[in-house]
Each structure stands twice: as structure tokens, then as C-alpha cells.
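Participant: These protein sequence lines map, in sequence, to chains A and B.
Residue numbers are given in the numbering used here: position 55 of the first sequence equals residue 82, and the series is strictly consecutive.
Residue numbers are given in the numbering used here: position 26 of the second sequence equals residue 32, and the series is strictly consecutive.
Simulated from the structure, these hints should not be mistaken for lab results.
Just so it is clear, CB atoms sit at the ideal spot from N, CA and C, and this is done for glycine as well.
You may find that some hints are simply not true.
Beyond 12 Å from chain B on every Cβ pair, some chain A residues (computed) [to be verified]:
no., residue
1, VAL43
2, ILE49
3, GLY64
4, TYR85
5, ARG95
6, PRO153
Computed footprint of chain A on chain B; a stretch qualifies when at least three of its residues, placed anywhere within it, have a C-beta under 8 Å from a C-beta of chain A [to be verified]:
no., region
7, 51–60
8, 79–89
9, 94–102
10, 119–131
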Amino acid sequence: KMKKTTGEILDCVEIVEKNSRIVKNYGIWLRYSSRSGTHNMYREYRDLKLTGAVTQLYNEMAGRHRTRPRSIQIIRTATLEASDLKRVNGMQFAKKNVKFPLPHRVASAKRNMKALSSTTFTTQRPTTFLG
Amino acid sequence: MVFKRYVEVGRVVLINYGPDAGKLATIIDIVDQNKCLIDGPANLTGVTRQVIPYGRIALTDLTVKISRNARQKTLTAAWTEGDIQAKWDATSWAKKLASKKKRATLSDFDRFKVMVARKQKSSIIAKKMKELSA
């Protein structure tokens, strides 16, 4: 059985994206171990680079399934055409003439951005509709 | 509550945060529900092609007619054809930003001049109000 103890890492190289100026759809097949067993999974991401999509994968797996990176093994990755997408979330952005408003814009004072209000107490609720 | 400003290919946006804060850019592609791909065009606004989250941009009323992933050349042509920079500078939004910027750089003498001008303006208004109410 191939595992870290039986093998030896010969080289670790970043996969440089051929064209990192366009948005692509990535399908990633992975195997991860949860608290009660190990499972296969297939996820899709939209990103400019494969390395970006994989970063999204690790962050999403950590958020949704509490999987640590050590428990994730990526089996296979592929760049997909919009017609090959299986998950609804990516499909809706891969369509032609996508357009949507930003309905509820909440300003937060994180990181020196404008806060919802300049004062601690106010009698008026803030405006979140900016057209 | 009808929405008039949409995130779409060709929408002109103002960047609110980051190294390019205060500059205009156009959306050339949408990545997902949190971020989009924008381009200046770099030779007109100084914003290079990059991904930016919606929280860092403000949508304007202006749009440009381009197709998805437009190259810088076509984007520049569309910008000059649409005369976007002039249209933007004519909006009250842009004028307010410009006046805020100017105010921040005033010297003490300039601030004195502003004070005198405001007093003159308010005296003209007060005189007129007196006439109208008499």
C-alpha cells in the first residue's frame, strides 16, 4: 500500500496555469476521511487557476465537513466546459449574459472599511440599498 | 424596489478598497457569487486585469458594450466610444469624490477663503429669504 511512510517525495512543484487570465470550471475528485469513515467526493469550482480551485476546495472542505488538509487526498482534477458541469452553483455563473444585482450591501468596519454607521448609537437604520 | 445596477459583463465599477482604491474598472467576467474579473482598461484607468470581490467595488450606472473576457484593445475602444471617463466625471458622485479630495489638500489660507465664501453665500440666501417672507 502506498503511503507517506512507504514512499519518498522526490519533487514538489507548483502547477503553473497555462492561461490565468480567464475563468475556468474545475472538477475535482477527492477522497477524504471523516470521523466515521473515508469517502469519495466530487466537487466543482470556478476559478482562474487550478491551484486557486484547489485552495477553494481545502477551505470549503474545512468549512463544510471539518476536514483537515491531512485527511484530503486529491485523486483527479479536470478543467470542464460549461456544459459538463454537474453542480448547480457553478452552472448558474457559467451561462451567457449572467446578470444580478447586489441587493443588500452591508458595510462593516473590518479592515478600515466604512462602517455601517460613524457613531455608536443612532436613530436611523442604515441604507443597504445602493441601486 | 427595482434594481437598476447589475453585476454584468461591461458594468463600470468604482474600486473602494485596496491598492487601486478610487479608480474605475469594468467587469469583464463573473467568477462566482463573491468575486468577478475586472480590467481597467489598464491604459485608461491604471487597473490591471484581476479578480476582485464584490465587497471591494461599488457598481455605477455606466455600462460598456463588450462581450465576456474582452481583450484590453477592444475594451479600450469601447471605453473611448462610450466616452465613459467624461460621463463619469459629469456625475455628481464623481464630483463629490473630487471635492472631498480637494478639501483634504487645502492649506490654511484656502480654508480661510472657503470660510469667507460660505459666509457670503449664506448672507445672499438670508437676504433673499427676508425678501420672500416679507
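Participant: When I compare C-beta atoms, does the region 79–89 of chain B have three or more residues closer than 8 Å to chain A?
Facilitator: violated (count 0)
Participant: Could you let me know if the closest chain B CB is still more than 12 Å away from the CB of ARG95 (chain A)?
Facilitator: holds (24 Å)
Participant: Please check whether the region 94–102 of chain B has three or more residues whose CB lies within less than 8 Å of a CB on chain A.
Facilitator: violated (count 0)
Participant: How does the coverage statement for the region 51–60 of chain B fare against chain A, requiring three or more residues with Cβ below 8 Å from a Cβ of that chain?
Facilitator: With 3 residues in contact (Cβ-Cβ under 8 Å with chain A), the coverage given for the region 51–60 of chain B holds.
Participant: A cut-off of 12 Å on Cβ-Cβ distance, and PRO153 (chain A) was said to be off the interface with chain B. Does that hold?
Facilitator: holds (15 Å)
Participant: Would you check whether the claim that VAL43 (chain A) is not at the interface survives, using Cβ distances to chain B and the 12 Å cut-off?
Facilitator: Since the minimum Cβ distance to chain B is about 17 Å, VAL43 (chain A) lies beyond 12 Å and the statement holds.
Participant: Is TYR85 (chain A) truly not at the interface, in the sense that its beta carbon sits beyond 12 Å from all beta carbons of chain B?
Facilitator: Holds: least Cβ distance 17 Å, greater than 12 Å.
Participant: Is the nearest CB of chain B more than 12 Å from the CB of GLY64 (chain A)?
Facilitator: Non-interface label on GLY64 (chain A) holds, nearest chain B Cβ at 30 Å vs cutoff 12 Å.
Participant: Tell me if chain A covers the region 119–131 of chain B under the three-residue, 8 Å CB rule, please?
Facilitator: violated (count 0)
Participant: Over 12 Å to the closest beta carbon of chain B is the bar; see if ILE49 (chain A) clears it.
Facilitator: Incorrect as stated: the minimum Cβ-Cβ distance to chain B is 6 Å, not above 12 Å.
In this structure, the hints that do not hold are numbers 2, 8, 9 and 10, in rising order.
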